[in-house]
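**Q** These protein sequence lines are chains C and S, in that order.
Going from the first sequence to the numbering used here is simple: count from 1 and add 116.
Going from the second sequence to the numbering used here is simple: count from 1 and add 32.
Please note: incorrect hints may appear among the correct ones.
[Unchecked claim] DMTMM-like cross-link-like pairs, simulated, lysine to aspartate or glutamate; straight-line CA separation at most 25 Å:
| id | chain 1 | residue 1 | chain 2 | residue 2 |
| --- | --- | --- | --- | --- |
| 1 | S | Lys35 | C | Asp330 |
| 2 | S | Lys51 | C | Asp330 |
| 3 | S | Lys51 | C | Glu334 |
| 4 | C | Lys429 | C | Asp376 |
| 5 | C | Lys331 | S | Asp96 |
| 6 | S | Lys43 | C | Glu334 |
| 7 | C | Lys392 | C | Asp367 |
| 8 | C | Lys392 | C | Asp427 |
| 9 | S | Lys101 | C | Glu328 |
| 10 | S | Lys59 | C | Asp330 |
| 11 | S | Lys43 | C | Asp367 |
| 12 | C | Lys312 | C | Asp376 |
| 13 | S | Lys35 | C | Asp271 |
| 14 | S | Lys59 | C | Glu328 |
| 15 | S | Lys101 | C | Asp138 |
| 16 | C | Lys426 | C | Asp330 |
| 17 | C | Lys430 | C | Glu490 |
| 18 | S | Lys101 | S | Asp74 |
| 19 | S | Lys35 | C | Glu292 |
| 20 | S | Lys43 | C | Glu328 |
| 21 | C | Lys165 | C | Asp138 |
| 22 | S | Lys35 | C | Glu490 |
| 23 | C | Lys331 | S | Glu79 |
| 24 | C | Lys429 | C | Glu397 |
| 25 | S | Lys51 | C | Glu397 |
| 26 | C | Lys451 | C | Glu495 |
| 27 | S | Lys35 | C | Glu334 |
| 28 | C | Lys165 | C | Glu299 |
Since the hints were derived computationally from the structure, they do not count as laboratory data.
All of these numbers come straight from a predicted model, not from anything done at the bench.
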Amino acid sequence: MTLEVLEGSKAVSDVIGLCKPDVISAYPITPQTHIVENLSEMVADGKLKAEYIRVESEHSAASACLGASLTGARTYTATTSQGLLLMLEVLYNISALRLPVVLTCANRAISSPLNIWCDHQDAITLRDTGWIQLFAEDIQEAVDMHIQAYKIGEDKRVMLPVVISMDGFLLTHTFEPVEVPSEEDVDRFLPKYNPKYFLTTKNPMTFGSFAEPDKYMEARYILNEVLNQSKVVIAEVARDFKDAFGRFGGDLVEEYNTKDADIVLVGMGSIISTMKEVTDELRKRNNRIGVLKIRSFRPFPDKEIVSCLKDKKKVIVVEKAISLGFGSILASEIKSVLYNSGAAPRVDSFIAALGGRDISKETINKIIEKSMTEKVDLEFVDLNRDILPEDFSE
Amino acid sequence: MAKLTFALISKPASSRANKTGSWRVYKPRWKHDKCVGCRLCDIVCPEGCVSGTGKKKESTMNADFIYCKGCGICAKECPVKDIEMIMEVK
């Protein structure tokens with residue numbers, strides 16, 4: 117095993133090169149740019165035999181991947197924030213057409229105000245699109261997840277697109293010792309994409325042409341079932357990956373010191389590493405506290421969450437997105453699956469780090485302390501009330 | 033009803049299975065009075081569902097109402113105003 121100190125974006129573009137996509141189409145946008153910049157260079161230098169399609173927008177990038185994937189090509193794109201929003205209409209089509217496109221979302225805040233730093237508001241927007249949504253904790257997991265993503269998405273039982281969320285800057289622009297697997301190992305793990313149905317002039321067909329009211333609901337039902345059933349494949353591929361490469365970051369979730377815990381912190385993405393460090397320190401002082409990492413946000417790991425959290429005293433959810441006009445998203449969904457389980461622990465909900473505000477170990481400690489002293493329905497962590505005007509209409 | 037296919041894949045020319053005429057509110061009626069047999073109604077029909085032959089009383093121009101959506105383009109374009117749009121009551 118050789119470790120290289122790599123920038124997150126470089127590590128991801130290296131591993132995408134190993135997955136050998138036939139078609140890459142993307143539009144540059146911070147903080148995703150390095151990934152596609154590296155890939156275009158690899159194609160230009162002849163190191164990667166892929167078609168790199170330059171386009172004028174993210175809508176076109178997604179459309180190019182859709183069209184290419186329909187012909188049976190393995191495809192890749194990456195974007196973030198406003199770019200992801202511009203892709204949105206096409207992304208719904210990609211999932212319903214059962215095309216295993218892989219997309220990297222370098223998580224970034226949404227305008228306005230313009231902000232290029234990390235939060236999860238962009239990726240959360242894909243919640244209802246029918247895409248498999250995985251969140252990476254660190255650069256190594258992002259690398260491993262991309263190999264797994266093709267294997268999951270292209271599985272005959274699944275045939276769905278996968279978006280991998282990696283925190284913008286926090287993971288895309290930082291350096292970490294990473295093991296990028298060898299070409300032989302990736303080739304062995306990831307077979308060639310061989311779809312049952314694809315567009316060819318030899319056998320003309322139309323994908324997803326038209327459904328009247330007497331068929332549309334059934335089509336959506338199938339998509340929902342397939343996405344839910346993909347849980348089995350996500351877990352299976354994570355285990356197969358462990359056997360092949362020796363690394364395991366969890367399947368749908370990762371439970372970290374949760375078995376004997378009274379208190380469990382829940383989150384997604386790079387915040388998990390900070391949570392793990394804080395809870396390690398608290399455990400040394402005899403606090404029974406653990407961390408639940410949501411690795412797959414869609415399909416949502418309902419059973420895994422219930423089995424991990426049902427007997428806990430307190431669940432503390434920290435998330436980097438908000439449903440404006442309501443509040444938390446991840447915490448709401450966790451409450452939702454716990455509610456009917458008959459054993460609902462107290463769930464405290466914290467919204468933090470919107471627009472890239474740092475989450476340090478102190479922040480996590482403060483969140484835990486607050487949650488220990490009062491019931492927190494919804495708290496904006498580190499909100500600076502000094503700069504809030506008295507009157508929001510002025 | 034046939035089982036749904038993967039990603040609702042369909043074969044060429046199979047979209048005729050979708051009976052889309054139920055969207056119609058107004059229905060074209062060929063009066064077969066002044067028809068000059070120019071076939072403009074056939075040419076302009078976005079659904080390609082108008083057919084027929086002949087002129088005036090012998091004209092058989094008509095729409096396939098399984099697919100006609102009552103857009104009224106045929107009536108609008110008819111140079112001799114031999115097509116009228118009538119409210120369809122079901």
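**Q** Now tell me if each hint is right for this structure.
**A** These are the hints, each one checked on the structure:
no. : hint                : in the structure
1   : Lys35/S - Asp330/C  : 12 Å, holds
2   : Lys51/S - Asp330/C  : 11 Å, holds
3   : Lys51/S - Glu334/C  : 18 Å, holds
4   : Lys429/C - Asp376/C : 11 Å, holds
5   : Lys331/C - Asp96/S  : 23 Å, holds
6   : Lys43/S - Glu334/C  : 20 Å, holds
7   : Lys392/C - Asp367/C : 17 Å, holds
8   : Lys392/C - Asp427/C : 20 Å, holds
9   : Lys101/S - Glu328/C : 14 Å, holds
10  : Lys59/S - Asp330/C  : 24 Å, holds
11  : Lys43/S - Asp367/C  : 39 Å, violated
12  : Lys312/C - Asp376/C : 47 Å, violated
13  : Lys35/S - Asp271/C  : 22 Å, holds
14  : Lys59/S - Glu328/C  : 21 Å, holds
15  : Lys101/S - Asp138/C : 42 Å, violated
16  : Lys426/C - Asp330/C : 40 Å, violated
17  : Lys430/C - Glu490/C : 11 Å, holds
18  : Lys101/S - Asp74/S  : 14 Å, holds
19  : Lys35/S - Glu292/C  : 51 Å, violated
20  : Lys43/S - Glu328/C  : 17 Å, holds
21  : Lys165/C - Asp138/C : 7 Å, holds
22  : Lys35/S - Glu490/C  : 55 Å, violated
23  : Lys331/C - Glu79/S  : 22 Å, holds
24  : Lys429/C - Glu397/C : 20 Å, holds
25  : Lys51/S - Glu397/C  : 67 Å, violated
26  : Lys451/C - Glu495/C : 16 Å, holds
27  : Lys35/S - Glu334/C  : 10 Å, holds
28  : Lys165/C - Glu299/C : 14 Å, holds
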